[in-house]
Amino acid sequence: MDNVKLKINGLDVEVPKGTTVLDAAHKLGIRIPTLCYLREINAIGACRICVVEVKGARSSVAACVHPVSEGMEIQTNTEKLRQARKMTLELIVSDHRMDCLSCERSLRCELQTLANEYEVDQHKFANLNPEVDDSAPHLIRDNSKCILCRKCVAVCKHNQAVGVIGANYRGYKTQIGSPFDLPLDTQPCIYCSQCVAVCPTGALSEKYDHKKVWEAIANPNKHVVVACAPAVRAQLGECFNYPIGTNVSGKMVTALRRMGFDKVFDVPTAADFTIMEEGTELIKRLEAGGPFPMFTSCSPGWVKFCEHFYPEYLDNLSTCKSPQQMYGALMKTYYAEKEGIKPEDMYVVSVMPCAAKKFEITRDHQNAAGIPDLDAVITTNELALMIRQTGLIFEDLPDEDFDPAFGIASGAGHIFGVTGGVCEATLRTVSEIVSGKPLEKLEFNEVRGVAGIKEAEYDLGGKKLKVAVVSGTANAKKVIEDIKSGAKEYHFIEMMACPGGCVNGGGQPYQPGYVRNFTDLRALRAKALYREDAPKTALRKSHENPVVKEIYDSYLGEPGGHKAHELLHTSYVKRTVY
Amino acid sequence: MENSKTKNPFQGTKEQENELMKLIEANKNEPGALMPLLQGAQDIYGYLPIEVQTMIAKGLDKPLEEVYGVVTFYSQFSLNPKGKYKVSVCLGTACYVKAAGEIFERLERLLGIKGGECTEDGLYSLDACRCVGACGLAPVVLVNEDVYGRIGPEDIDEIMAKYKE
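From first to last, the protein sequence lines stand for chains C and D.
Everything in the first sequence is counted per my numbering, starting at 1 for the first residue and increasing by one.
Everything in the second sequence is counted per my numbering, starting at 579 for the first residue and increasing by one.
No wet-lab data here; the hints were simulated from the structure.
Treat the hints with caution; some may be incorrect.
Here are the simulated DSS-like pairs of lysine-lysine, each with C-alpha atoms no more than 25 angstroms apart in a straight line [said to hold, decoys possible]: (1) C:Lys484 / D:Lys606; (2) D:Lys606 / C:Lys173; (3) D:Lys636 / C:Lys478; (4) C:Lys536 / C:Lys488; (5) C:Lys173 / D:Lys583; (6) C:Lys484 / D:Lys636; (7) C:Lys484 / C:Lys342; (8) D:Lys692 / C:Lys484; (9) C:Lys441 / C:Lys454; (10) C:Lys478 / D:Lys606; (11) D:Lys640 / C:Lys173; (12) C:Lys454 / C:Lys484; (13) C:Lys574 / D:Lys600; (14) C:Lys338 / C:Lys478; (15) C:Lys478 / D:Lys583.
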């Protein structure tokens with residue numbers, strides 16, 4: 001490709017033709033502020049914060065969309081630009097609800113950061129225009145904090161192929177919302193919360209449930225247990241200024257104990273049960289000749305997507321509960337029985353990188369003991385807040401282990417939090433069960449990596465097994481349309497709603513646009529989980545997990561058997577789009 | 579899905595639906611089909627309620643929000659039917675300085691609707707318009723084809739009394 005030479009702030013730089021000013025400046029280590037820009041899906045030049053001066057140009061241009069050209073001379077930080085950005089910010093905050101003291105996004109808010117940098121006068125044009133939608137179980141939209149950057153609209157449409165939000169009306173009256181301004185919970189929203197993960201202000205925020213958890217901990221009659229999804233240990237450190245991709249499992253366990261949970265368990269342990277059940281289901285389908293492809297069912301966002309957009313494929317969804325729900329089910333049945341606690345006196349909490357999990361606990365047939373399997377779900381962000389509220393100095397905490405009764409997990413259970421991980425974990429167990437001998441190599445490299453659609457073919461006891469691994473529901477749509485048209489055929493498809501899987505889930509710690517645009521969060525966080533499954537790890541297969549063996553032997557019986565089915569499987573409902 | 583934008587129940591006929599379906603069929607593979615379809619649909623129904631927008635969204639395999647976003651962006655599209663009597667108040671500069679705003683508010687109170695809406699009995703709709711080219715008569719109110727000029731808020735009750743059935 002042709003290269004272009006130009007000068008930015010007097011520094012020479014050479015970049016490929018077509019590069020934006022923003023990217024060229026980044027190459028020189030020059031940071032141009034952005035608000036609305038989201039790489040690949042939202043390069044719209046709308047917010048005007050990234051304006052730069054181009055020598056000879058009539059007016060300033062938006063760096064996020066303006067391509068470089070030969071001999072260009074650019075200034076990114078003149079007094080004129082600083083004034084322009086300041087004015088833009090003052091107009092943006094003119095109709096903004098200023099509850100920055102307690103706003104969920106406070107201190108991580110990109111608007112707040114810039115307003116501080118540019119010494120913005122928040123009262124200059126003040127005129128509030130509020131509308132709050134808290135109808136959905138996972139998020140709250142407060143449009144008085146919205147800056148109309150449309151990042152939420154872009155991820156919903158392009159990454160997720162859902163499109164339940166968009167810009168309504170025009171000019172000053174423009175509002176992001178759903179059709180006919182209907183509440184979000186009336187829409188085919190899949191609750192993935194990818195919109196919350198990219199919102200640069202507090203216009204979209206997670207619906208917090210931490211107060212319920214504090215109440216339960218304070219109640220002496222409740223036995224409060226908690227378990228953490230694999231991805232949480234790969235994300236939580238970011239809330240305490242650790243580098244992205246640091247595994248903080250040990251400190252997280254210590255923190256949870258000191259917060260007052262009676263037991264600290266691990267969701268990857270439950271993931272090992274999921275593999276036993278899902279693997280058994282796959283083997284049964286292979287014997288019965290279908291229905292294929294079998295879709296995984298761990299991701300509640302994906303499940304809801306399938307229910308709304310492809311209800312004709314519900315028989316293809318594995319009937320297995322997600323690891324979260326298997327954990328809850330076993331807590332209120334097996335564990336409660338063993339410990340002599342009434343299921344009603346148990347309070348079961350999970351920590352998730354995912355806000356759709358808050359919806360999952362309210363679904364039908366997620367009540368093994370006749371009461372909901374779980375009582376509360378908190379996200380990584382809520383856990384970080386609770387740790388701060390406890391007064392713990394996170395970085396000074398010692399490392400502790402999960403409680404062993406439900407805290408031993410295989411490497412396979414850990415990689416559940418990454419796209420490809422569920423598939424790889426399933427393949428390990430199913431291969432060994434079908435062939436009856438140990439695998440020589442445990443890595444299934446074809447299904448690893450951050451690509452949105454991955455395909456592979458494996459030999460399973462002489463039979464071909466065609467698999468696909470899909471993350472982001474827009475990719476799920478592509479794959480299902482290919483299956484519909486007959487262009488593709490698979491036996492087994494791992495589906496995750498969020499691009500990159502749970503490590504990039506909607507409940508993840510907020511990373512500003514600038515980090516997101518120039519860093520692959522998915523890959524960095526995934527590494528932390530693959531380290532839990534390193535070749536020298538003793539336990540890397542779900543079916544070798546001693547906790548799994550013990551609970552099947554003493555309580556559940558056979559994987560896929562009657563009792564396992566009763567406790568660990570669920571059902572789905574047909575939903576509509578319009 | 580409940581319609582939250584109009585007080586008037588949808589009264590589309592099978593004939594109207596067939597006409598719209600034909601239009602969708604003819605346009606759905608064209609790039610940029612949404613605008614002409616919305617214009618066509620408004621010609622057929624007179625307005626674009628949720629029922630009509632849903633048919634278009636389904637026909638184009640697009641999210642309803644994408645349709646609604648376009649409908650609310652352009653002032654030519656209406657979410658409410660027009661009444662038997664279409665009342666328009668000119669809020670252009672000349673009329674506005676002659677208290678057309680007050681006349682508009684008086685009409686909103688009298689009819690019990692906001693600008694852009696239609697009364698539940700389908701008799702009256704109220705809209706603000708820009709210059710009708712009769713600034714010499716400012717302020718100007720139109721009821722269908724009838725023009726009323728040089729009036730004040732106090733004349734409204736009498737004018738509207740002529741349009742009862």
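Cross-check of the supplied hints:
1. C:Lys484 / D:Lys606: holds (21 angstroms)
2. D:Lys606 / C:Lys173: Judged against 25 angstroms, a Cα distance of about 30 angstroms means the pair is violated.
3. D:Lys636 / C:Lys478: holds (18 angstroms)
4. C:Lys536 / C:Lys488: Violated, because 37 angstroms separates the two Cα atoms, which is more than 25 angstroms.
5. C:Lys173 / D:Lys583: holds (16 angstroms)
6. C:Lys484 / D:Lys636: With Cα atoms ~18 angstroms apart, Lys484 (chain C) and Lys636 (chain D) stay inside 25 angstroms; holds.
7. C:Lys484 / C:Lys342: Not OK: Lys484 (chain C) and Lys342 (chain C) at ~48 angstroms, beyond 25 angstroms, violated.
8. D:Lys692 / C:Lys484: violated (48 angstroms)
9. C:Lys441 / C:Lys454: holds (20 angstroms)
10. C:Lys478 / D:Lys606: holds (20 angstroms)
11. D:Lys640 / C:Lys173: holds (24 angstroms)
12. C:Lys454 / C:Lys484: holds (18 angstroms)
13. C:Lys574 / D:Lys600: violated (29 angstroms)
14. C:Lys338 / C:Lys478: violated (46 angstroms)
15. C:Lys478 / D:Lys583: This hinted pair is violated, its Cα atoms lying about 34 angstroms apart.
Going through the hint list in order, the structure does not satisfy hints 2, 4, 7, 8, 13, 14, 15.
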